[in-house]
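There are 2 protein chains.
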Amino acid sequence: MKALQWDGDSLALNTVAKPIAKPGEVLVRLTRAGICNTDLEIIRGYYPFSGTLGHEFVGIVDEAANPSLIGKRVVSDINSSCHHCAMCQAGMPHHCVNRSALGIHGRDGAFAEFLTTPEENLVIVPDSLEDNLAVYAEPLAAALEIQEQVNFSRHEGVLVIGDGKLGLLITMSLAQAGLEVTLLGHHPHRLELLGLDNISFCSSAPDLKYPVVIEATGNPSGFATAVQLTAPRGALVLKSTYKGNLEFNPAPLVVNEITLLGSRCGPMDKAVALLADGAINPAGLTEEIFPLTRAPQAIARANKKGTLKVLLEMGS
Amino acid sequence: MKALQWDGDSLALNTVAKPIAKPGEVLVRLTRAGICNTDLEIIRGYYPFSGTLGHEFVGIVDEAANPSLIGKRVVSDINSSCHHCAMCQAGMPHHCVNRSALGIHGRDGAFAEFLTTPEENLVIVPDSLEDNLAVYAEPLAAALEIQEQVNFSRHEGVLVIGDGKLGLLITMSLAQAGLEVTLLGHHPHRLELLGLDNISFCSSAPDLKYPVVIEATGNPSGFATAVQLTAPRGALVLKSTYKGNLEFNPAPLVVNEITLLGSRCGPMDKAVALLADGAINPAGLTEEIFPLTRAPQAIARANKKGTLKVLLEMGS
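One line per chain: the protein sequences are X and F, in this order. For the first sequence, our numbering assigns the number 1 to the initial residue and increments by one for each residue that follows. For the second sequence, our numbering assigns the number 1 to the initial residue and increments by one for each residue that follows.
Extracted from the complex, chain X is given alone in its bound form (with noise of 0.2 Å):
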């Protein structure tokens, strides 16, 4: 099969042998991936991952040791846990220590015509959700597990700095959830590409500052902005992963006493629900949408500032 590879130095299509599902896994055929940033960040050497890329995706289980998966279409969570480890045990499979990450440590991920991962992280994707739109699943998640975290009070202003693709999905999120947002960012029109007429969006740091604010930037500048417009005994939820560090005053953090908070994973079955039901229409976010094949094209474009999702095809 075909598989989008970097071996930590280099990108290449290459023709590779088709996975094979250990004990408790199943085997899926792709039919859609996305490509986040993170892809991008570990082509940079942000993390020593070497393998098949990708890790937003939805397809088609093909095979499964129960045979009512086989043909399912799915999504799945990427994280793969031990069950055994002390984080494990205390209810935290997303952070066992001996997890492995679809693409971004120790297994192959969704850059490819087939992929495996255990059949405990499979979420079943409704007839009626659409394969461009299921293919969100895995970032919205991300995007919701904001509201796992943070205790939100209804009152309270939220701003998020950044408005690429996940700054935008964040921003839909909380905006379904019913909180009252705020967008920094460089681009207003994409609001109205997705139908976001109830938030509020501003081109330049406001004077206020919020109680929660949101950094999902991916650079520097945007985090001292985020501290910067953080109320006092508020939360600064910092989404991104950056190659390299970040240099910031601690100051205002101790003296405001701020909170912050990283966020990584979420809860894949709510986005589904939430993809499913039409709650948050992603559509919009989709810039282009390149087969399998042109995928080296798909990561340039993707790498290009000012793009939004690129999505891959397979099988086409």
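Treat each hint with caution, since some may be false.
To be verified - If the Cβ cut is set under 7 Å, some of the chain X residues that face chain F in the computed set are:
id, residue
1, Pro-250
2, Leu-253
3, Glu-257
These are calculated hints, taken from the structure and not from any lab test. Idealized CB from N, CA, C, for every residue including glycine.
Since the structure of chain X is provided, determine the placement of chain F on it from the hints.
Frame of chain X; chain F shown alone:
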């Protein structure tokens, strides 16, 4: 009167006019003051304050509208609040946008013969509590603030990084609260000095990760160690103020979903109560006591690496 003043450029023991209490304020004749790292950081340029330094003190009310206060021994919250701004109205007077802070921001401090402070900020010191211990009320309150912010479970281990004066006060306060504390530092004998025989000590980073880590070293490498040693979904409390920037790799914060909590001033009344009933006895933290007339030498002493608390004694 004599006052140790910083003019933004140099330090001098000046002869200045005795301060005059405004409506709502009392005049306090100081008896002891403590030198805090924040004082030293101001002198290093951490914060653009000029005026009389010092915010840890105990003294005797000399003038007050309320005659029953006169002659009472007191400590005082260092933050003076407006009671009108949004933060005050939201019940966070320590974060008042119009606040002054004794010896730090907009108000002369305690390295002098007299200071003024709002009557509402006073906490009466019981007769049984001697000046040399009462002077620890402010830094102990700052240590206790951690317990106001972190939801400790009694079964969780806590790691304190830094066995300087603040780290040791934090260690004492957490141990007193019944928590299992490990202290990472360079001076194991200091635990003995303070009678803390139930504390685990390590002189290099342990192999374990901790659900709660307190950073109290005040240096950037301490912060990097703290991030490393915080368990996934754990809390990292940032207690130190620094001059300049911290540089760190934010990936572990995001990947491990760590909560970073900035922490500043705490409850003075609780601190006085714990000191008064002997539940916390910081006597062993005092390195040396200088008369106010030798305040510049006291600052030089406090600035020496490895020095614990240096106190000033007034009227001697």
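Hints, verified against the model:
The interface hint given for Pro-250/X is met, as the beta carbon of that residue sits about 5 Å from the closest beta carbon of chain F, less than 7 Å. Given the 7 Å rule on beta carbons, the hint for Leu-253/X holds: about 4 Å separates it from the nearest Cβ of chain F. About 5 Å separates the beta-carbon of Glu-257/X from the nearest beta-carbon of chain F, less than 7 Å, and the hint is met.
The structure agrees with every numbered hint stated previously.
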